Amino acid sequence: MNPQAKLIFALSLVMGTTITISSNHWITAWAGLEINTLAILPLIAKSHHPRAIEAATKYFLTQSAASALVLFSSMTNAWHTGQWDITQLTHPVSCLILTSAISIKLGLVPFHFWFPEVLQGSPLTTGLLLSTVMKFPPITLLYMTAPSLDQTLLISMAILSVALGGWMGLNQTQIRKILAFSSISHLGWMAAIISYDPKLTLLNFYLYSLMTAAVFLALNSIKTLKLSVLMTTWAKTPSLSAMLLLTLLSLAGLPPLTGFLPKWLIIQELTKQDMAPAAITISLLSLLSLFFYLRLAYCATITLPPHTTNHMKQWHTNKPVHPSVAILTVSATMLLPMSPMRSSII
Numbered sequence: 001m002n003p004q005a006k007l008i009f010a011l012s013l014v015m016g017t018t019i020t021i022s023s024n025h026w027i028t029a030w031a032g033l034e035i036n037t038l039a040i041l042p043l044i045a046k047s048h049h050p051r052a053i054e055a056a057t058k059y060f061l062t063q064s065a066a067s068a069l070v071l072f073s074s075m076t077n078a079w080h081t082g083q084w085d086i087t088q089l090t091h092p093v094s095c096l097i098l099t100s101a102i103s104i105k106l107g108l109v110p111f112h113f114w115f116p117e118v119l120q121g122s123p124l125t126t127g128l129l130l131s132t133v134m135k136f137p138p139i140t141l142l143y144m145t146a147p148s149l150d151q152t153l154l155i156s157m158a159i160l161s162v163a164l165g166g167w168m169g170l171n172q173t174q175i176r177k178i179l180a181f182s183s184i185s186h187l188g189w190m191a192a193i194i195s196y197d198p199k200l201t202l203l204n205f206y207l208y209s210l211m212t213a214a215v216f217l218a219l220n221s222i223k224t225l226k227l228s229v230l231m232t233t234w235a236k237t238p239s240l241s242a243m244l245l246l247t248l249l250s251l252a253g254l255p256p257l258t259g260f261l262p263k264w265l266i267i268q269e270l271t272k273q274d275m276a277p278a279a280i281t282i283s284l285l286s287l288l289s290l291f292f293y294l295r296l297a298y299c300a301t302i303t304l305p306p307h308t309t310n311h312m313k314q315w316h317t318n319k320p321v322h323p324s325v326a327i328l329t330v331s332a333t334m335l336l337p338m339s340p341m342r343s344s345i346i
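End of the sequence shown = 346 in my numbering, gap-free, step of one.
Hints in this document: simulated from the structure, not taken from any laboratory.
Given the structure is predicted, the values throughout are model-derived calculations rather than measurements.
For each residue, glycine too, the CB sits at the ideal point set by N, CA and C.
Hints may contain errors.
Cross-link-like lysine-lysine pairs, in silico, DSS-like; alpha carbons within 27 Å at most [said to hold, decoys possible]:
(1) K177 x K46
(2) K236 x K58
(3) K223 x K236
(4) K58 x K46
(5) K223 x K177
(6) K199 x K6
(7) K177 x K58
(8) K223 x K46
(9) K226 x K272
(10) K177 x K6
(11) K226 x K236
(12) K226 x K177
(13) K58 x K6
(14) K46 x K199
(15) K223 x K58
(16) K236 x K177
(17) K46 x K6
Between beta-carbon pairs, the in silico distance windows are [unchecked claim]:
(18) V330 x N171: 30 to 40 Å
(19) N171 x Y206: 22 to 32 Å
(20) F136 x V330: 49 to 59 Å
(21) A65 x T28: 19 to 29 Å
(22) P320 x K226: 40 to 50 Å
(23) S156 x V330: 36 to 46 Å
(24) Q268 x P42: 36 to 46 Å
(25) T18 x D85: 17 to 27 Å
(26) H80 x M334: 42 to 52 Å
(27) D85 x M334: 13 to 23 Å
(28) S64 x D85: 16 to 26 Å
(29) P110 x M15: 26 to 36 Å
Start from the sequences and build out the full structure, keeping to the hints where you can.
Structural data, given as structure tokens:
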């Protein structure tokens with residue numbers, strides 16, 4: 001793709017995200033979401049492969065439906081209350097429609113079916129954008145409207161997302177699909193706490209984005225898309241494979257790594273809010289996700305490939321790893337000591 005075109009699409013993504021997260025009016029927020037959708041479509045379809053075109057088409061259709069629902073929800077609320085302010089969403093029908101719209105945008109269960117397919121058809125760098133940057137505006141809208149939304153519905157969707165995100169990722173062999181189900185599971189944790197402590201949801205999203213960026217960029221450095229290829233990359237960049245192991249375990253939420261921090265705080269907050277059954281349920285269901293993270297980590301560093309492998313083993317490369325990968329992997333594994341600073345951070 002032409003560098004100038006890439007620059008235009010990147011600037012459009014930044015502009016669309018900025019418009020949505022800084023707006024108070026529903027129409028400007030909707031316009032920002034539309035700019036984002038139109039900017040990411042060429043990046044998904046840039047390889048011109050049939051799978052990429054299919055992914056771009058699926059993404060366009062689902063995001064168009066979600067944007068239409070956002071507009072319909074805001075118009076219904078304005079019709080009944082005369083308010084176009086995002087924080088003044090009070091009509092129950094509007095709240096229900098908006099919950100559905102944001103769930104489609106984020107890929108929460110039961111509106112998650114498009115996300116693994118779209119991520120599978122996208123390059124790793126575009127997949128990183130879809131998993132992090134493109135989810136920030138909907139998360140912001142959820143943050144601003146959280147007091148008006150139905151807590152029971154959000155908790156139910158959260159539990160289902162954690163369950164299905166873990167369960168459906170168990171038998172996958174494509175790394176991008178595994179990371180898609182990982183994203184669905186993490187979004188379940190965020191949806192569970194949004195009604196009780198919205199700032200904690202944002203902290204969870206920031207740390208999730210950090211860890212996911214580290215994994216995607218590490219995989220992009222070693223050009224790996226499947227588990228069978230991941231088994232043969234240990235000899236190419238041993239140090240990066242070791243850091244990928246720690247980053248995956250951090251994404252799984254194991255102490256003493258960074259990923260343990262948001263899960264610990266969410267379980268603590270849910271328990272304080274007398275939601276101990278929900279906290280226990282999502283904690284147990286996250287063990288499903290832990291299995292496929294361990295499987296990825298096992299393939300990345302611990303397993304030697306079988307002698308009958310169809311993939312050529314690559315020996316040490318002289319190409320240096322990009323500094324951003326080093327910074328992100330270190331941050332994704334060593335930020336747990338910052339937990340006492342939580343009150344000053346968010």
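Going down the list of hints, with the structure as the test:
{"no.": "1", "hint": "K177 x K46", "result": "holds, 19 Å"}
{"no.": "2", "hint": "K236 x K58", "result": "violated, 35 Å"}
{"no.": "3", "hint": "K223 x K236", "result": "holds, 11 Å"}
{"no.": "4", "hint": "K58 x K46", "result": "holds, 15 Å"}
{"no.": "5", "hint": "K223 x K177", "result": "holds, 16 Å"}
{"no.": "6", "hint": "K199 x K6", "result": "violated, 33 Å"}
{"no.": "7", "hint": "K177 x K58", "result": "holds, 15 Å"}
{"no.": "8", "hint": "K223 x K46", "result": "holds, 18 Å"}
{"no.": "9", "hint": "K226 x K272", "result": "violated, 42 Å"}
{"no.": "10", "hint": "K177 x K6", "result": "holds, 25 Å"}
{"no.": "11", "hint": "K226 x K236", "result": "holds, 16 Å"}
{"no.": "12", "hint": "K226 x K177", "result": "holds, 10 Å"}
{"no.": "13", "hint": "K58 x K6", "result": "holds, 22 Å"}
{"no.": "14", "hint": "K46 x K199", "result": "violated, 36 Å"}
{"no.": "15", "hint": "K223 x K58", "result": "holds, 25 Å"}
{"no.": "16", "hint": "K236 x K177", "result": "holds, 24 Å"}
{"no.": "17", "hint": "K46 x K6", "result": "holds, 10 Å"}
{"no.": "18", "hint": "V330 x N171: 30 to 40 Å", "result": "holds, 32 Å"}
{"no.": "19", "hint": "N171 x Y206: 22 to 32 Å", "result": "holds, 31 Å"}
{"no.": "20", "hint": "F136 x V330: 49 to 59 Å", "result": "violated, 23 Å"}
{"no.": "21", "hint": "A65 x T28: 19 to 29 Å", "result": "holds, 20 Å"}
{"no.": "22", "hint": "P320 x K226: 40 to 50 Å", "result": "violated, 25 Å"}
{"no.": "23", "hint": "S156 x V330: 36 to 46 Å", "result": "holds, 37 Å"}
{"no.": "24", "hint": "Q268 x P42: 36 to 46 Å", "result": "holds, 43 Å"}
{"no.": "25", "hint": "T18 x D85: 17 to 27 Å", "result": "holds, 19 Å"}
{"no.": "26", "hint": "H80 x M334: 42 to 52 Å", "result": "holds, 50 Å"}
{"no.": "27", "hint": "D85 x M334: 13 to 23 Å", "result": "violated, 41 Å"}
{"no.": "28", "hint": "S64 x D85: 16 to 26 Å", "result": "holds, 25 Å"}
{"no.": "29", "hint": "P110 x M15: 26 to 36 Å", "result": "holds, 32 Å"}
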